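Visitor: Residues per chain are reported as follows:
Number of protein chains: 2
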Amino acid sequence: MSAAELQGWFTEKVEDKGVAFSLKLGEHVHGETTPYQRIDIYSTASFGYLMAIDGCTMVSSRDNFFYHEMMAHPALNSHPAPRRVAVIGGGDCGTLNEVLKHPQVERAVQIEIDERVTRLAERYFPELCARNGDPRAELVFGDGIAWIKSAPPASLDVIVVDSTDPVGPAEGLFGRRFYADCLCALDGGGLLVQQSESPLLHLDLIVEMHRFMRESGFAHTRLLHFPQPVYPSGWWSATLAQKTPGPLTARIDEAAIAKLQTRYYCAATHGAAFALPPFVAGAVARPE
Amino acid sequence: MSAAELQGWFTEKVEDKGVAFSLKLGEHVHGETTPYQRIDIYSTASFGYLMAIDGCTMVSSRDNFFYHEMMAHPALNSHPAPRRVAVIGGGDCGTLNEVLKHPQVERAVQIEIDERVTRLAERYFPELCARNGDPRAELVFGDGIAWIKSAPPASLDVIVVDSTDPVGPAEGLFGRRFYADCLCALDGGGLLVQQSESPLLHLDLIVEMHRFMRESGFAHTRLLHFPQPVYPSGWWSATLAQKTPGPLTARIDEAAIAKLQTRYYCAATHGAAFALPPFVAGAVARPE
Numbered sequence: 001m002s003a004a005e006l007q008g009w010f011t012e013k014v015e016d017k018g019v020a021f022s023l024k025l026g027e028h029v030h031g032e033t034t035p036y037q038r039i040d041i042y043s044t045a046s047f048g049y050l051m052a053i054d055g056c057t058m059v060s061s062r063d064n065f066f067y068h069e070m071m072a073h074p075a076l077n078s079h080p081a082p083r084r085v086a087v088i089g090g091g092d093c094g095t096l097n098e099v100l101k102h103p104q105v106e107r108a109v110q111i112e113i114d115e116r117v118t119r120l121a122e123r124y125f126p127e128l129c130a131r132n133g134d135p136r137a138e139l140v141f142g143d144g145i146a147w148i149k150s151a152p153p154a155s156l157d158v159i160v161v162d163s164t165d166p167v168g169p170a171e172g173l174f175g176r177r178f179y180a181d182c183l184c185a186l187d188g189g190g191l192l193v194q195q196s197e198s199p200l201l202h203l204d205l206i207v208e209m210h211r212f213m214r215e216s217g218f219a220h221t222r223l224l225h226f227p228q229p230v231y232p233s234g235w236w237s238a239t240l241a242q243k244t245p246g247p248l249t250a251r252i253d254e255a256a257i258a259k260l261q262t263r264y265y266c267a268a269t270h271g272a273a274f275a276l277p278p279f280v281a282g283a284v285a286r287p288e
Numbered sequence: 001m002s003a004a005e006l007q008g009w010f011t012e013k014v015e016d017k018g019v020a021f022s023l024k025l026g027e028h029v030h031g032e033t034t035p036y037q038r039i040d041i042y043s044t045a046s047f048g049y050l051m052a053i054d055g056c057t058m059v060s061s062r063d064n065f066f067y068h069e070m071m072a073h074p075a076l077n078s079h080p081a082p083r084r085v086a087v088i089g090g091g092d093c094g095t096l097n098e099v100l101k102h103p104q105v106e107r108a109v110q111i112e113i114d115e116r117v118t119r120l121a122e123r124y125f126p127e128l129c130a131r132n133g134d135p136r137a138e139l140v141f142g143d144g145i146a147w148i149k150s151a152p153p154a155s156l157d158v159i160v161v162d163s164t165d166p167v168g169p170a171e172g173l174f175g176r177r178f179y180a181d182c183l184c185a186l187d188g189g190g191l192l193v194q195q196s197e198s199p200l201l202h203l204d205l206i207v208e209m210h211r212f213m214r215e216s217g218f219a220h221t222r223l224l225h226f227p228q229p230v231y232p233s234g235w236w237s238a239t240l241a242q243k244t245p246g247p248l249t250a251r252i253d254e255a256a257i258a259k260l261q262t263r264y265y266c267a268a269t270h271g272a273a274f275a276l277p278p279f280v281a282g283a284v285a286r287p288e
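Keeping their order, the protein sequence lines are chains A and B. Mapping to my numbering: the first sequence position 59 is 59, numbers consecutive. Mapping to my numbering: the second sequence position 53 is 53, numbers consecutive.
If you're looking for bench data, these hints aren't it; they were derived computationally from the structure. If you're wondering where the values come from, they're calculated on a predicted model, not measured in any experiment. Honestly, I wouldn't trust all of these hints.
No copy labels: a pair is met if it fits in one copy or bridges any two.
DMTMM-like mimics (lysine to aspartate or glutamate), calculated; alpha carbons at most 25 Å apart, straight line [unchecked claim]:
#1 K101 - E127
#2 K149 - D40
#3 K17 - E127
#4 K17 - D40
#5 K17 - E27
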């Protein structure tokens, strides 16, 4: 990057989108280069700890709840009986932590390629790792694409793809071959949910993801959106794909939702997340 | 500001919140200091033109639609017959433009303190000024606080306060005296809607605004929220105050809404905007 940096701030620049977001530091408390990526941990002035991977913000103590709650609960509360869950990526364990809040879940496997992400999360984001010792949890360190490919057919109810952006190690997670393997690994009624970037900045990618998922055999795809201040544009999305046709029916049990102890997710924001603005709805609508 | 700037980028730093947002430039196409404030216009790499006031992003060509639509339509579609509307501030005319899309509106007065904001909007954001020549529109350049104070009682159906942050010239727009004057100027069933900053970064301010509005005699207050990428945190809100008690009933007429030709606002996002996450709902709930 040729531009001067903001001294005393961590800045993620998205050059091709022309936007940058910065958090005031704090200090650089840890940095290492793993076989997969560069990981840095900073303390910030107002967002707690920040983990950055290859210069991109991954998770902050203060605002990760938006993302982790919205990656887990809309999907799990849209499946009639989410017993068997896999989280692909998600090494900070925040999504796994939300998944394990659901009493119906009998087994939740997290498949993260870079064990160092998890080890650093345990140290700097222990609140996200609070349920790693849950007997239903299993932490696998390996290739999520290969894991899904070798998963027994119909062995999963929900697959959550909680990855970095679709470049580098995560690129294969946004392709038809991976989606076809997910489809096979899911049982009837199964759901795939994947982080799908900013509806403002990455609408082309979202449209392509939906197309690839449908071309890979998923019966229906839906977008959900939510605030995520530390990610580019502050507005983020996830894409939910249904293995089998039919309406997506939310299980909105107010008492059960209250027990999740969430800060962004609730019955009202569950519905709100699926309310698409016209410029997005027009783009992701299924072609007739 | 002591930190080095990002060369070739416009950066708004919110030092006390520890966040900054930057847009890649483009060039500085205009700058002037008016009796009220510093105004700069930039061309950006991917957000069209940017107007900054006193170093804060006010409006970009690309993403102002979120804010302007959500300042106008939820309030106007919550009033049974919004005939007489005042916009306080809003000198870029984007909110006025959305207000004038409603055929029920008979008169819409914009009271902006700094005429230069409007003159520069006419030049760099002509799409926001497209309805300035509408015979129902009236552009007043003067003090919005004084204008509301001298407005005949019960002469307005909706007041939209589209101001800068609550410092400097806009500070008086966030106080009990102004709210009491708004209450008096509103007719029975009247609605006040005011931009109320970021639910993540400024929740204390939001709580105080709601309290001040209720202490000034408004029967009920509600928060609505929406994405706004160029504002701090990318997540913004407006506060809606009802003069008279009773439920707030949305006029959701799909055909009428389609005619608004909006990009973010629609029947679905109208409802979604009022869906509050638990951490916000808990803070703004009316004390018993």
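Visitor: Each of the hints needs a verdict: does it hold here or not?
Guide: Results for each hint:
no., hint, verdict
1, K101 - E127, "within (13 Å within a copy, 48 Å between copies)"
2, K149 - D40, "neither (31 Å within a copy, 55 Å between copies)"
3, K17 - E127, "between (33 Å within a copy, 23 Å between copies)"
4, K17 - D40, "both (23 Å within a copy, 22 Å between copies)"
5, K17 - E27, "between (27 Å within a copy, 17 Å between copies)"
When the structure is compared with the earlier hints, a violation turns up for hint 2 alone.
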